[in-house]
Amino acid sequence: MTRKDLAIIADWVAPKARVLDLGCGDGELLAQLAKQKQVSGYGLEIDPVQIQKCVERGVNVVEQNLDKGLANFADQSFDTVVMTQALQTLRSPHLVVEEMLRVGRECIITFPNFGQWKARWHLAFSGRMPVSDLLPFEWYDTPNIHFCTFKDFEVLCREHNWQIQHRQVVSESTISGVLKDFLPNLFGETAIYHLTR
Amino acid sequence: MRKILTTEAQSPRSGIPADSVGIVEPQSHTFPGPFKLACGRVLDEYTLMYETYGTLNADKSNGVLICHALSGHHHAAGYHSESDKRPGWWDHYIGPGKPIDTNKFFVVALNNLGGCHGSTGPASINPATGKPWGPDFPPLRARDWVHSQAQLADLLGIQQWAAVVGGSLGGMQAMRWSLEYPERVHHCVVIASAMKLSAQNIAFNETARQAITSDPDFRDGRYLEENTLPRHGLAVARMIGHITYLSDDGLGKKFGRELRSGTFEQGVEELVEFQVQSYLRHQGDSFSGSFDPNTYILMTRALDYFDLAREYGDDPVTAFSHARCKFLLVSFTSDWRFAPERSREIADALMHANVPVTYAEVESPMGHDAFLLPNERYEKVFAAYMNNVAKELHGELQA
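Residue numbers (UniProt numbering), protein chains in the order written: chain A, 1 to 197; chain B, 1 to 399.
Read the hints as simulated data drawn from the structure, not as lab findings.
Hints may contain errors.
A few chain B residues that face chain A, going by a derived Cβ cut-off under 8 Å, partial list only [what the hints assert, rightly or not]:
| hint | residue |
| --- | --- |
| 1 | R209 |
| 2 | I243 |
| 3 | A384 |
Taking beta-carbon pairs under 10 Å as the criterion, some of the chain B residues facing chain A (in silico) [stated by the list, open to error]:
| hint | residue |
| --- | --- |
| 4 | T47 |
| 5 | A309 |
| 6 | Y312 |
| 7 | K380 |
Note that the structure is predicted; figures quoted are calculated from it, not measured.
Yeah, the Cβ is synthetic: ideal placement off N, Cα and C, and Gly gets one too.
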């Protein structure tokens, strides 16, 4: 999967911001942000393979399990807390978003859309859990334990009074790319939400 | 000043591995005093024993200082002779192509002040009395070591270390360097360490010291003058330490309940000896034949006293806000003496102080000793980090 989401995130992060990237993966986003926007910050990651990639790139990465919370960070100690493609892997996604908005003045979250037509099609017609390029796991070995759709996420935001500053929907295929603007929950593959308290 | 590797040292015939720094020769230098210590006392002069590996570059920017742990010394890598059976204590990690790559770095390792391997310490002659210092040797703090190491850097012409590196007590010195001489440290590598000891750690150290001082041959620390040596006390102290450096799991895997001698057969009274017993005794005995008991007491006290943030209002964040270097922290999952939790505290303080830090928690069954032993993930993370340090020196990576 190419990372169209990263370019959009970069637009939303202020120059020289202090950024915390939760589940930072191989550190690509932080490396880009450092280069383009002179941000400083840290990535949190739990996978040794990904941590190694961060170290090789020279990205500051700290080994930490997000499921154990962010209690080690002070209130409002970062400008922006980012979490790309990790929400669905968390034990308690709603608590982590709460924490992101405590630790950061704003947060940016991306996640795969389970309401996308391909997933719906797969489940409806094969009667089995969707396995695709985007979600290449079987139900029993997937790290993704909390899928949601864009609609689900927006309900969660309303319930918690999180303010959606921006939302952008990304799709890799051309057809979905056009249709996603009309029916984002049906045609969007990845959503990028910019939240504040 | 630097060691040139002879081709002979690298030939297979010598039995010295090709990725070793080869045969190395310790050097010593006596620094003129007065050298004021944290305790208020002054040394008129002092000697440091050290070794270097690799080549110092033209702008003297590739120096890496290795700070040793409790029982370490200047011989960190390579061999002292062709017939030397064992290399330096950190040979797994220092050498050509190793994480601290001597093709890239000029590595300096020393025996700390107060040590017993050639540097001025309790076993040295007190110039004021003409007798061994013994218990009269002044108590030392990590900062005293750091200040003497800075004088060694001056001697070598190194204004700024590319990295100051240390495990355990060595990590404490590395952290102290970052606060005492922020402009002289580019990177700080802290492995299996802590900002201060826990009560449990201090308790173990006290038990070890009691083992030494209660040996009848200790003679209030004046055993050298009286021609005795509290060998048994020191051996017990080392055994206690050794148990705490390993994990329950590690000991179990290595020895289990295997017997060295004897049997549990009924009707037989012969005493049983477990493998782990003879192993510990061997560790204790060999240590007490090569280490000075007063130095052991002095070093464990320095460990106990260490508290990184004490004079920064007990706030590690305030302390680290003085640091100007980047940090690499590594801990090991089964290390209960310097548990991962202690390293996480360091990482948290550094992040709060907005200091660049990378932290890896390495899976290992080997306890605290893991920092000296081969471990694939540890080697990879360490090597990747040091590789970037080297790249920065060449301007290939933005500092």
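A quick look at each hint next to the structure:
no.	hint	in the structure
1	R209	34 Å, violated
2	I243	27 Å, violated
3	A384	4 Å, holds
4	T47	38 Å, violated
5	A309	16 Å, violated
6	Y312	17 Å, violated
7	K380	6 Å, holds
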